[in-house]
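Q: Here the structure of chain A is known, so what remains is to put chain B in place on it, guided by the hints.
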Amino acid sequence: MENIPPLSLGTKVEQESLIPEPRRLPVQFTGSASEYFRIWIVNVALSIVTLGIYSAWAKVRTKNYFYRHTMLERSCFEYHAVPMQILKGRIIVGAGLAAIFFAKIYSLKLYAVLLLLFVLLSPAIFALALAFNARNSSYRNVRFGFDGTVGAAYKTYLAGMAVYIVTLGLGFPYFQWRIVDYWASNHRYGNQHFHFNMTSGPFFGIYARALGIMLLPIAGFTALMVVFRPTAGQAPVLQAPVLLLLVIYPIMFLVVGYVKARQSNLVLGSISLSPAGAAPSETSTHRLAANQKVLEVIWLMVSNLVGIVLTIGLLIPWAKVRTARYRAEHLYVIANGELVAQGSAAPSGNGVLADAATDLGDIGFDLGI
Amino acid sequence: MVEERLKFDGQFFNGTSSRPYRVTVTATSEGVHLSFLDEHERQPERRYLKNRILVGSRLGDTTRSLCFDDGAKVESNANEEIDRMAPLWGQRTSVVHRLESNWRSVIAAIGLIVAVAWSGFIWGLPWAARRVAMALPVEMVDELGKGTLAALDKLVFSPSEVKQERQKEVLHAFEELATSYPDLPLTLNFRKMGIPNAFALPNGSVVVTDELVKIAKTDEEIMGVLAHEIGHVKHRHMLRMTLETSAVGLFSMLTFGDASQASALFASLPSIYANAQYSQEKESEADEFAISFMQKLDLPPAALADILQRMSEKIGEGKAGIPQYFSSHPSTESRMARLRGVSKVPAACMPNSL
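Residue numbers (this note's numbering), protein chains in the order written: chain A, 27 to 395; chain B, 641 to 994.
These are calculated hints, taken from the structure and not from any lab test.
For each residue, glycine too, the CB sits at the ideal point set by N, CA and C.
Careful: at least some of the hints might be erroneous.
As the list claims (entries may be wrong) - Capping the alpha-carbon separation at 25 Å, the derived lysine-lysine pairs in PhoX-like fashion look like this:
| hint | chain 1 | residue 1 | chain 2 | residue 2 |
| --- | --- | --- | --- | --- |
| 1 | B | Lys-954 | B | Lys-832 |
| 2 | B | Lys-857 | B | Lys-936 |
| 3 | A | Lys-135 | B | Lys-794 |
| 4 | A | Lys-130 | B | Lys-794 |
| 5 | B | Lys-832 | B | Lys-857 |
| 6 | B | Lys-647 | B | Lys-690 |
As the list claims (entries may be wrong) - A few chain A positions that, by computed beta-carbon distances, are all more than 10 Å from chain B:
| hint | residue |
| --- | --- |
| 7 | Arg-50 |
| 8 | Gln-54 |
| 9 | Val-70 |
| 10 | Val-176 |
| 11 | Lys-181 |
| 12 | Tyr-183 |
| 13 | Gly-195 |
| 14 | Ser-211 |
| 15 | Gly-227 |
| 16 | Ile-232 |
| 17 | Leu-292 |
| 18 | Leu-321 |
Chain A extracted, bound-state conformation (with noise of 0.2 Å):
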């Protein structure tokens, strides 16, 4: 962190030189653990104080902890969303399960159309939430927003699906990279449009070696038992237990490990910002970059998991602050220019559907930033 360049304001750099130089800017978590140890608890025992009902504050409460303690240039990140519209997509929602869970005991054919329709309806849910987290998400007065439409949503499910399908599961990294590119390319941030410049290829590159990662130890491993194997009437030196917390854990970390902090780095940096109609030229485009490693990830998840065993859970806070800290520290914006968007402090409203969705479509990535 030390060679980072100190921060300025875009407007002293301009004035100073006709062609500005890059700026990479690192962005900070500032949040820490003892801090939130006390929100996220005194937040679990109100929700089960209220019988749940203060859960949908305590959610804008934790997202607005590591939006506010995630600074970018001097300036936080803020999440806008109301927890009374957050209540009522929990009822939805709620009322949603019951119907799953009512129908499960009385009709399993009602059970299967119920879940059917469940899977029918999420690449709508993934789209609204998507854009009930965008437009509820600011820096700096400005608001983010997310113009993918639902149809596309549809389009980018089937294509990964058919290819996925026609492969046999081959073609899973296409339908990953068709998802994140719907993703990250329909961004906004003010009249800033999010550009999302990568081809399927070294998707395919990374869970390629993430399957030799797999099936290399496993090979060995193979390999050893028959080697070593057990003569008749010995029991045999391993046991499945111990073969699991052996092998099975330390691979599976591996290539978890692997997959997140290269997906991370190569989707991260291929993200670029733009004002709307400029085509993603160098002069008035803004990156992304990320240099997360691989063994440090690793590290990380497995740290995190210990910790949480061992103190029956007290230490999700302290593992969840690590995380945004991690993240944050290794992901750079590298401004051409000034980083000013044109863009509406207050956005257009909320529909109650995507109060719903915004629950259920928490999904595992999100913007990072």
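A: For chain B alone, kept in the frame of chain A given last:
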């Protein structure tokens, strides 16, 4: 009242652009006054009266906003100063923040969570599940698991090979028991499965495996097993278990769901533990039911202990290594001790839970 006058720094945003302006905020009980600090882009000073200001809620030491009614806002880290001004502008400071910043209330919150979670899992949830399950009319319960036997037939059972005469004898014993509960739609089914076992489905279907019929030395033993299974039907155990495990799953999803995926493994352990405890509780309840039922019919409850012992010897090997906490049944030793500890004659005070 002494006139409050506080100065703090912040960033001003005009509401149409993300350009930041460094400002000094001078706050009085009347409102705020902003003076712009950037030399090269001097802005006229701005003034907002208190009724045009909305103070953002405090969240730890995060940057906080003063939002103005024209869409502009000031972001500042001067949380203490803003907290002092907010009441003067007629705005409340956050109660939740006071709870979050006080270690005593944090400790109280931990105590509350532990107490509620513990008593909820031990008493609250089983109590609620029993109330709901027992409130449902018989016809509705019949519907449950109507397809279960058919599904099990496809997956684990094969047709029984027990001779017709023997089936008739067991059926006769079963009907003798069933006459005591004419309101339950009890039926008996024979299936081959590979291990000695018996099941009760919510709709009153009781299944005994060929291996169980074979392993039984006396009809009293089989009747003990059947009495235990009728206990499951009578107390609607399967429905109650479904309700309980769903609630536990929902709870752990809501509590730990937003944690990282690494802790998903951790989150599943307490639910497996809770579900095992609920299952053990049902087995004990069915045992108690069998004890009082057998005593009523002048049968020795110890007969059930005898066949349990033989069953566990037969299938025991496969289950080795599962800790008792995560087992679906109480340990066979404790069950046998209970069954053998009671006499043939009913005690004055039955420990039956219903």
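Q: Tell me the hint numbers this structure goes against, listed in increasing order.
A: Failing hint: just 9.
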